[in-house]
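Could you put together the complete structure from these sequences and hints?
Residue numbers (the numbering used here), protein chains in the order written: chain S, 1 to 277; chain V, 1 to 547; chain Y, 1 to 315.
Bear in mind the hints are in silico, worked out from the structure with no lab data behind them.
Each hint should be verified, as a subset may be incorrect.
[To be verified] Estimated spans, in silico, between C-beta atoms of each pair: (1) Y:I5 / V:D528: 49 to 55 Å; (2) Y:T131 / S:L192: 31 to 37 Å; (3) Y:L232 / S:L109: 36 to 42 Å; (4) V:I339 / Y:I4: 38 to 44 Å; (5) S:F27 / Y:T131: 26 to 32 Å; (6) V:Q330 / Y:Q74: 52 to 58 Å; (7) Y:L69 / S:G241: 50 to 56 Å.
Positions of the beta carbon are idealized from the N, C-alpha and C atoms, including for glycine.
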Amino acid sequence: MNHLIAIWNDLNTSARIGFGIVAFFAFCAIFAPWLAPYGESEVVGDVWEPIGGAFILGTDQIGRDLLTRLIFGARNTMALAIVSTTVSFTMGAVLGFVAATMGGRVDQLLSRMVDVVISIPTLIASLIILSAVGTATPTLVLVIGIIYAMPVFRIARAVAIDIEVMDYVEAARLRGEGLWWLMSKEILPNALTPLAAEFGLRFCFVFLLIASLSFLGLGLQPPLADWGAMVRGNADGIAWGFLHPLLPAACIAALTIGINLLIDRWVYKASGLRDDQ
Amino acid sequence: MSEKLLEVKDLLIEADIDGVWTPIVNSLSMTLERGEILGLIGESGAGKSTFGLTALGYAKPGCRIVSGSIKLDGVELAGKPDAELRDIRGNKVAYVAQSAAASFNPAHTLEEQFAESPVQHGKMKMSEARKRSIEIFRQLDLPDPEHIGERYPHQVSGGQLQRAMTAMALGSDPDIIIFDEPTTALDVTTQIEVLGAIKEAIKLRNVAAIYISHDLAVVAQMADRIMVLRYGDLIEEGDAREMLANPREPYTQQLLNVRTVRESRYDHDKEDIQLKVENVTARYPGTLSDVLTNINLEIVKGKTIAVVGESGSGKSTLARVITGLLPPSQGSVKFNDRILTPTLKARPKEDLQKIQMIYQMADVAMNPRHKIKDIIGRPVEFYLGITGQEREQRVLELLQQIEMPEDYADRYPAQLSGGQKQRVCIARALAAEPELIICDEVTSALDQLVAEGILDLLLNLQKELNVSYLFITHDLAVVKAISDEIVVMYQGRVVEQGTKAEILEPPYVPYTELLLSSVPEMDPDWLDDLVDRRKRGEAPTAESIAS
Amino acid sequence: MFTIILQRLAMGVFILFGVSILITIGVEALSGDVCSAILGQAAEPSTVAACQAQLGIDRPVHIRYVEWLGNILQGDMGTSLANDREVSEQIGKRLGNTLYLAVTTSIFAVPIGILLGVIAALYRNSFIDHTISTTTLSTIASPEFFVAYVLMAIFAVNLGWLPAISNVDSSMGFWERLEVSALPVMTLAMVTVAHMMRMTRASIVSLLASPYIEMAKLKGLKPSRIIVKHALPNAWSPIIQVIVLNLAYMIVGVVVIEVVFVYPGLGALIVDAVLNRDLPVIQGTAMVFAAAYVLLFLLADILSTLANPRLRHRR
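In C-alpha cells:
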C-alpha cells in the first residue's frame, strides 16, 4: 500500500489525469455486465435516437443502446488489446534478449528477418493476413501479436544490449553462468522499467490498430461491441448531422491519451533527463 | 593596484539532490590577484568545480547560488541577469573544461571556435582573430600552427584538443582563466606536454588562473597559492610551497602522503610459477592489426605483478586473453603448468574458479538489482556448491574480511560509497577461493585516500591468503606502492620486465624513462625542471620514443 | 563514408527482395479463396479447378513468384481480377493522388511541425511548451478516423464549407482539386504536425544538453547565436530523420483517411482489393507501399549520415 502511495505522489498532474482515465475505462471493462443498462446486442429503440434523450447516449444504427455498446466495447477491445500486447511482448522480448545475449550469427539472423518483416507497414500487413486467415478472435490475437512482436524485438534487443555491455554481465559470463541465468537474473531485472514503459506504448499502438482494423471491417466481428466497428457502423449518420460515431471515436482517443500521459512520466523518469534551465 | 582582481565572500551554493536543496559550497571565500594562479584542490564532492565556476557568475544546472558576493574588479556579479554576465564571460573570464572533445562543437573548425569569443565581444575582426590564433597555437606547442586551425575537433588528438581549448580561452585576452581538471582525462605522458604549454602561456601573458584538480602533485606545479576543499568547506589555504613543505591540517597531510612506497618483500625466487603467458599474439575479430604482439609473462604464486602502460598499450586486452574472453591468434596461456583452453566457453568450472577479476568501475561491475549478500553469495554457491545457512555464514565471514559491517549484506549497491563498492567486488572475487586475481585499474576511479585503503586491504589479503595479483594500471604511484614485479607495455608489446627494483632504478629503457619522468611529484619546481631537461635533450619525449 | 552508404543500399535491396517474398506468401494464402469467392461456395470442384487454371493459380508458388518478379521489373504488374484493367495503370493513377495528398500536406505540415518543435524545446517546461505538447498528444493518440470525422463534422456538416466526400478526378482544375482534397489534407496535416513536433522537440532538447552548448554559454555568446551557430548545424541530422520518417508514417496513415473521405488514392485501392480478393492488385499495391517504406527509411539513414558533421569531415 505504501508503495502505491509513493508511486502516486511521484506522478505529476498530467500523469494523474492519465491514471484516472485509464482506471475509469478499466473499471468499465471489468464490471461491464453489471454496469451496462441493457444487453450487449439488445435492440431497445429506434435508429439513431438523439443523445441526451430517453437513452443517455442515444442509440446506434440498428437501435441498440449506445451507452451499453460503449461499455461492452471497452471490455472487448481492451481485453483483445491486452492479450495481443502480452503475446507480442513475450515473443518479442524473449527473442530480443536471446539475440542480444547470444550475439554473433544468431543475432544477425534474427535481426535481418525482423528487418524484412518490419518493412511492411503494419496496417497493410494486417489487412492482407487477416483477410486470408479470417477474423476469429484467437486468430486476431495471434496475428496482431506476431506483427507487433517485431518492433518489440528491436526495442528489447536494444535495451538488452545496453545492459549486456555492463561489466557485471561480463563478470557473470566469466563465472561461467549459462544463457538462462544471464537473461533472467542479470539482464531482465534491469530491463523491467524501460520495458514496462514500452508495454504501455505498444498497448496504445495495438489498440489503435484494432480500432482501425475494425473500422475497415476486419476486426472483431458483430455482434460483439467494438469501438472501431461502432465508428464505422454509425459513420453514415454524420452526413445527416448525427454525431453518434464521434462517441466511440472519442473513447478511443481518450484511452490512448490517458495511457500516453501516464507513460510519458515514466519514460521521463527512466531516462533521467535533466530538464531545468 | 591595491584592489583585488576577484573577491568572493561567503558564497553559499546549493544543489538539487533527489528533490532536496543541499548545500555543496558552505560560505566559502576566495581572493585572486592579477597574474596569480590559485589552485583549488579536493576530492570528489568537495565542491571545487562548482566554486570555481562562480568567477563566471555561473551555476551548473541543478545548482543555485543562494547568498554571498562575487566581485570582479570591484563589480558585483552575484544576482546579475545572464544578459549582463555575458559581457564578462569568454571575455574577461574564460573557461577551460575537463573534456575538450565534448566542449568543442563538431560542426565548426578550431579557428572558427577560437575566433568566436573575441569577435563576438567586439574585440577584433575575424582576420585579426585568425592571425592571433596562429600565434597562440604556436605558443602552446601545437603541431603545424598555421594550418591546424582549419581542422575539425575530431581530427586532432586529445592532448592537442586540450591545448586548443586553452588557446581558445587565451584568445580574448582574459583577466582570469578557470581550468577545470584539464589534464585528468589524458595519459600521463601527454599530460606533461599540456601542463608545460599551459604554464608557459599564462605566465607570459600575466593571466590570473584558478586551477581546479584532485591531483595535488599537478596543482603543486602550477599554483602560487592553494586552497584545500572538502565537502564544501575550506580545510587549509596558503602559499603553495609552504603548504607542501609544512602542511598544517591532517587532511592536507594525508593528501600529501598519498604516494608512499611500501617495503618490498620480494625475494627473487622463481620456483612457484603460477601463470605463464607464452608468445601470445592477439587481435580483435574483424580488425586488421594485432593488439598484442609476442607477449611473454610469468606470475609467481603469492606475488603481485604490475602491468603498466598507457592507453593503447594492450594491457586490458592481456587480461581478456588470460580470462578467455579473447582467444589468442598465437601462443598460449598456462596455469599451474597446464594449458588453459583459449575460449572462455570451453573452460571447465574449476579453471574459471581459480582466476577471478575485479573491475575499474565498481558501479557498473555489480548488478544494481542484486543485494550485496547475493552478489557475494553467488560465487560461493556456484563454485563451491554451498547453499542455505552455510552460504550466509560464508558471506558474513567475507564481509568481515573486507572490513565491512554485517548489516550491509542486505543493502543494494546504490547505497554504498565508491570505496565500499570496490570492497564488495573484492569480496566477490575472494568468495570463489581463487589463486590469481586480475585487478583491472581497480583504484583508478577512486579518490586518492579511498584508493589507499583499497590497496592496503589487497596487500593484507595477499599476506593472509597467498593469492597472486595481476595488477593492471597506468598509475606509476600505485605500481611503486604494491608491485613485486613490473611489466611495462607500449603499443601491444612488452618493453621491459623485471623486479620492481630492476625497473624503477637506472639504467632505463627509453619508454620506461619517459613514463617515470612524466609522473608529477610534490615538488613545485618539478615541472619546470622537466621541461628544461627535455629542451636540452636530457629527458625523453613522446616524439623521441616514437622514432 | 561512401562505403557506409553503399552497404545501406545493398541492405535495402536485400530487404526489398525479402519483402516481395513475404507479400507473395501472404497473397498465396489468400488465393485459395479467390475462385470460391468468385464462383460461390457451392461450386463444383471441377469448375473451381478450371477457374484456377484460367487464373494461373494452380501452378506452384515459386514459379509464379519468379514470373511475377520478372514482370514487375519490367513494369508489368498483371491485370486486375475485379475489372480487367492493367494493375500498373491503376496503381499509377492512384499513386498520383496519394502523392498529391502527401506533398500538399508536407508543404504546410513540415515547416510548422519543425518550428513548433523548436519553439517547444527552447521554451521547454513553460506554458507554451505544455500547451503545444498537450495539443499534439491528443492528436497523436487519437485514431486518424476520429480526427477525420471531427473535421468532417465541423467543416462539412456544420459549416458546409468543404465537401464531405473527396472524389478527386483528373478533370478538376487546380483550385477545385484543392478544395475537394482540403479535408483529407487537413486531417493528415494535423497528425503529421503532431508527430513532427514531438520528435523535433525531443531531438533539440537532447541536443541542448550537450557540453558544447554549455561551453558556448560560458563564452558569453548571445542565445540567438548559440541556437543558430551551435545548435542548428548539429540539429540537421536528427531533423532530417524526423522529416523522412514522418513521410513514412504518412503512407500508413493515408489508408484510413482515404477510406473515410472516399478519396481515390492507393490506400483506398488496397482496402478494396483486399475485400474483393483481387490478388494482382493486392500484390502490386502492397509491394509499392513496402517499397516506399523501405526507400524512405533508407533515405533517412543516408541523409542523416551525410548531415552528421563528424562523418562529413574525416580524419
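- Query: Against the structure shown, which of the earlier numbered hints fail to hold, in ascending order?
  - Reply: none
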